[in-house]
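Given next are the chains, with one letter for each unit.
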Amino acid sequence: MRSDPADYELIAPGNLQAVVSLLADEPGQWLPIAGGTDVMVQYAAGKLPARKLISIWNLPELRAIEISPEEIRIGAGCSYTELREHNVIAQEFPLLASAARWTGGIANQNRGTLGGNIVNASPAADSLPALLVYEAELILVSRRGERRVPYVDFHTDYKKMKLGPEELIRAICLGRRFSNYLHYARKVGARDAQAISKVCVAALGRLRGGVTGSVIDDVRIALGSVAPVPLRLTEVERIAKGKPVEPELVQWTRKMTSAAIQPIDDIRSTARYRSVVAGNLVAEFLQQLRGSGKTV
Amino acid sequence: MTEEHSIGKSVPRKEGRDKVTGAARYIDDMTMPGMIYGATVRSQIPRGVIKHISFDPQFEWSEFVVVTAQDIPGKNCIALIGDDQPCLADGKVNHPEEPILLLAHADPHLLRKAVDGVSIEYEPLPAVFTIEESERCSEIIWGMDNTLKTFLIAKGDVDRVWAKADYIVEGEYTTGAQEQLYIENNGVIAAFDLEQGITVWGSLQCPYYVHKALMALCNLPAEKIRVVQAETGGAFGGKEDYPSIIAGHAALLAMKSGRPVKIVYDRLEDMTATTKRHPSRTRHRTAVGKDGRILGGEIDFTIDGGAYATLSSVVLSRGTIHAGGPYYWPNIRIRGKAVATNTPPHGAFRGFGAPQSLFAMERHMDRIAQAVGLSPVEIRRRNFLKPGEATTTEQTIREEIDLGKLLDRALELSDYTAKKARFAEENAVGPFKKGMGIAAFLHGAGFTGSGERYLASVVGVEGCADGGVRVLVSSTEFGQGTNTVLCQIAAEALDLPYEDVRIAQPDTNQVPNSGPTVASRTAMVVGSLVRSAALGIKQTLIAGGMIGTSYSAEEFRAACRRYIAEHGELRSLARYEAPAGVFWDDQRYRGEAYAAFAWAVYVAEVAVDLSTYSARVEDFVALQEVGKVLHPVLAKGQIAGGVAQGIGFALYEKVIWQNGRMQNGQMTNYIMPTSADLPPIRIFFEEMGNVHGAYGAKGIGELPMDGPAPAIVNAIEDALGTRFDSVPLFPEDIFEAVCATGER
Amino acid sequence: MSHSFEYRGKDDRGKCELSLTVNGKPATVRVFPMERLLDVLRGELGLTGTKEGCGEGECGSCSVLMNGELVNSCLIPALQAADTNLTTIEGLAEGPQLSALQAAFLECGGAQCGICTPGMILASCHLLNKKPEPSLEDIREGLSGNLCRCTGYMQIFEAVVQALRRRAIA
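Protein chains in written order, with the numbering used here: chain G, 53 to 348; chain Z, 62 to 805; chain S, -2 to 167.
It should be emphasised that the hints constitute simulated quantities derived from the structure, not laboratory data.
Check each hint, because a few of them may be wrong.
Below are the SDA-like pairs computed for lysine to any residue, each with C-alpha atoms no more than 20 Å apart in a straight line [said to hold, decoys possible]: (1) S:Lys12 <-> G:His138; (2) G:Lys307 <-> Z:Leu671; (3) S:Lys127 <-> S:Ala97; (4) Z:Lys174 <-> G:Pro65; (5) G:Lys104 <-> S:Asp9; (6) S:Lys12 <-> G:Glu61; (7) G:Lys99 <-> Z:Gly726; (8) Z:Lys174 <-> G:Tyr60; (9) Z:Lys216 <-> Z:Asp646; (10) G:Lys99 <-> Z:Leu329; (11) G:Lys99 <-> Z:Asp177; (12) Z:Lys174 <-> S:Asp9; (13) S:Lys128 <-> G:His138.
Simulated coverage check for chain Z against chain G, where a stretch passes if three residues somewhere in it have a Cβ under 8 Å from a Cβ of chain G [said to hold, decoys possible]: (14) 68 to 80; (15) 663 to 675; (16) 792 to 801.
Some chain G residues flagged as far from chain S (calculated, every beta-carbon gap over 12 Å) [what the hints assert, rightly or not]: (17) Gly87; (18) Arg103; (19) Arg125; (20) Val140; (21) Thr286.
Note that beta-carbon positions come from the ideal geometry of N, C-alpha and C, so glycine has one too.
Sequences are here, hints too, so could you generate the full structure?
Structure (structure tokens):
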């Protein structure tokens, strides 16, 4: 253990109002800590710059999962286990459920939170590509109130995001409009459990009948671990829409995917590998889409 | 009693209850009154001269114990085989993480900060990091030519075979470093007082190795050093020689401070600073006849020893002797060489050189098969050693081992033939390509050659005042079942219930030196001595008229109690004697290298996912002949654990080096298999007995490490048709090779 | 040779008093809020059955049950464990009577060196609480956050299955 507990302050006001008040009074002074599965690893390594932490673990205002006919609102403090075990999420947002299942072992799933995953903003975070394709919206809260922002451009650069120093993520909203889509996700890690991803893909797709056969009606493709932020392949999506899923399209998509991403060589993998595998997975998604029967 | 009542049964693990209740006490569970904590300031560069050491004035250094090379009362070296490794660097460093000075303090958090508060200025010197760089000798970092050790094995006349060969097959095979990754990090507690001397409690395999090292380091006689093994959370060789270093450090701090000192590493320090499996490079050149029989060959086996010699000569020895595999070589020349690099010295890890050279041999057999146009099965069948034939060191195989039959059985158990046929079809279509791979191998148990004779192990068995029996050995338990098996043997020898036998904690004040717990020797060699010593106390009681030649357990207990009441103690010692007719020539490196070989054929089924290039082992058959299965659950546990480590060695575990320092010294980035990654490991035994082992047992602890890597890589080549000659073999490597050959 | 070791000690003001229930018994500790729960258990409470293998939440040797949920205690600050119900390995046996899982681990060879065993048994316990009839896949997944270097996991799976069988009969 390479940090001295005596050098740190940790308080737990116990309710959201008190937390955001303090964040407003002393902006940038207090690091929120939820389940701690990222913060405590940095702390143990002696690499946590913050010295004052404020616990947002188990705040009731952040733990609720609210279902309405149009959307599901997931409290940012919900653990991965809660995501996995929730019926609506498992059925209508399986990519989020599978991301939750792939994040660490059971013990870390019991403590890791969706809000934490977003704010920690690791490019390799498992749930972020799913949030991109589901077009999540975030509810941010501060003492001044709440605001709702699209998730798609929330991350601006490596570990930089559109979150004010006094703000917390309160909830993640997902529209319940994907039931007739094909949901596809794959994570490539160094092993089958407890692995930081080398490449991960989340994708949604839907076909529609056309004159000569079915074409892509809608497609969303997001990748993790291939850029400083999780990426939506909006250009690829734009061009693929309206086209039939033929070998030509699949090959083109594979190439465009590799071109659209900026993977690096790092301790886990190589840029070349990531680039080609990303293309392979997107191609696999399209092939599954063709055979899926998921039409408008 | 004619039927075995203890041997061959899966009796409860002696210390098992403590382990499942959390009562077992490992080093970091122990504290002592007045105990303080120790830490090590280590080199940040691979090689250079220390110019200046400065201490950050923000710390109250008078509160700290500070130990440097100057404080060493005896010789500044870690006594093992050679004496080139300093305990603390004195003016010069030769590898990253080399210990330079030691600190101790009552507050472990402050201590950690203080370690960062010591700044060291170096004058860097050019450093060498690979076998090739070392061989080039553009920089001499050790001895005259960077060579730590060489061996030569020569049999027959290899220079004449090339002309007669129908095929000459060459190959070069490499293996990387591997971290033992015991889940309990290295740790010790040392205490010193003028009267008792030094006492060390440690997580360790070899109490007497530590004892010997401390004598030299601390300049104290044998009776003033006491080493006690605490419950040890895994070792695999990683706690064979390394504990002498950490114990030496704690002892020096204890001597200087007069307080007990605990040093426990965290995972990052343990991974970056302690020993690993030696990286290797093996070059084969083989002359083969038209019928696929090997006519002769040359093998160059080279290992990277790191910055100091430590155990490299012995690892080299075993790797060199095993390099020819379980095959008949009428002519052979094997050159073994260990070279120095500026990395933390490599050390013992289960298999100890054999996994490296056997990887090469078994990959090369598949290559020979291809060249000759025979199957991997047939090429092995035609070259297997047979009883009456001699190994590369001219050791005649005297047991009736039929490797062809063993191979057949392994193929049947793994459904090899049917699966190969099926895969050949399915691979044309699927997103997966599947393959089957074989590895056939042997593993010599016990110390090589005259090693056991030099060890001259002594074992004791004594009667206890309550009528029970106690085994006295320095052999340690670290999960493999030492306590259980040795008690079983004593119980069997004495016709007593297993519950009546206990085993003393390895404490050099209490137990004789039964040799180190290494080399798969404990059940076989030490077990034999336990049996002898047990029979010794039985003889004493019989001779004293206390019992007859046949007795009940209660009669034995009563006799034991009576004898002790009358005589004070009932103890018998047994000392190792080399078996007659077993002869090893250290000079010419020839003769009976091992008292016994265990034999094995492993078969791996792998599937390679062509979208991610990941290889997964889908099924694994481990079939081995082991003499005698003393404890079925423990024996299976050894094989399963060893296979798992072998799978890690092949597919998951890679040390990423930069300038001699391990970059991925955390469990997040050094990947070992989880429960989700391993295939069903199907384990089968054959038992032929062994005249040199207790109840016919052969050593099996290391055997399972030799087979998985070559079987898996053979299977991957079978699946893809692409050649791979290195482990670890990662998806990125498969990707590069597959793309290079133009496949998708 | 003597050094002055009467270290003045830390400024204690940052410490706070926390109440928790451990293995059914109430406990109060006075610790820094960022002390790791692992160190509170092993240090202040003397419950050394929970182990440290990696300090980064990868190996699971530090697993305990917190309000019935499996967690890695090396990643939990003490303050967040306040007023929770903790179960450690020491809480499983009832006096001399081992739990079904503990007995099964003993019989099947699920414990070799023993250092991963407390966490592994708790993870198994948690699995069986959540999935009373787990498949082998469920068992593999449930234990995938607990690393064992000795066993290759085979006999651990057998132990879990054995414990299930015993529970069914009992």
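ask   = Honestly, which of those hints from before does the structure not fit?
value = 1, 4, 14, 17 and 18
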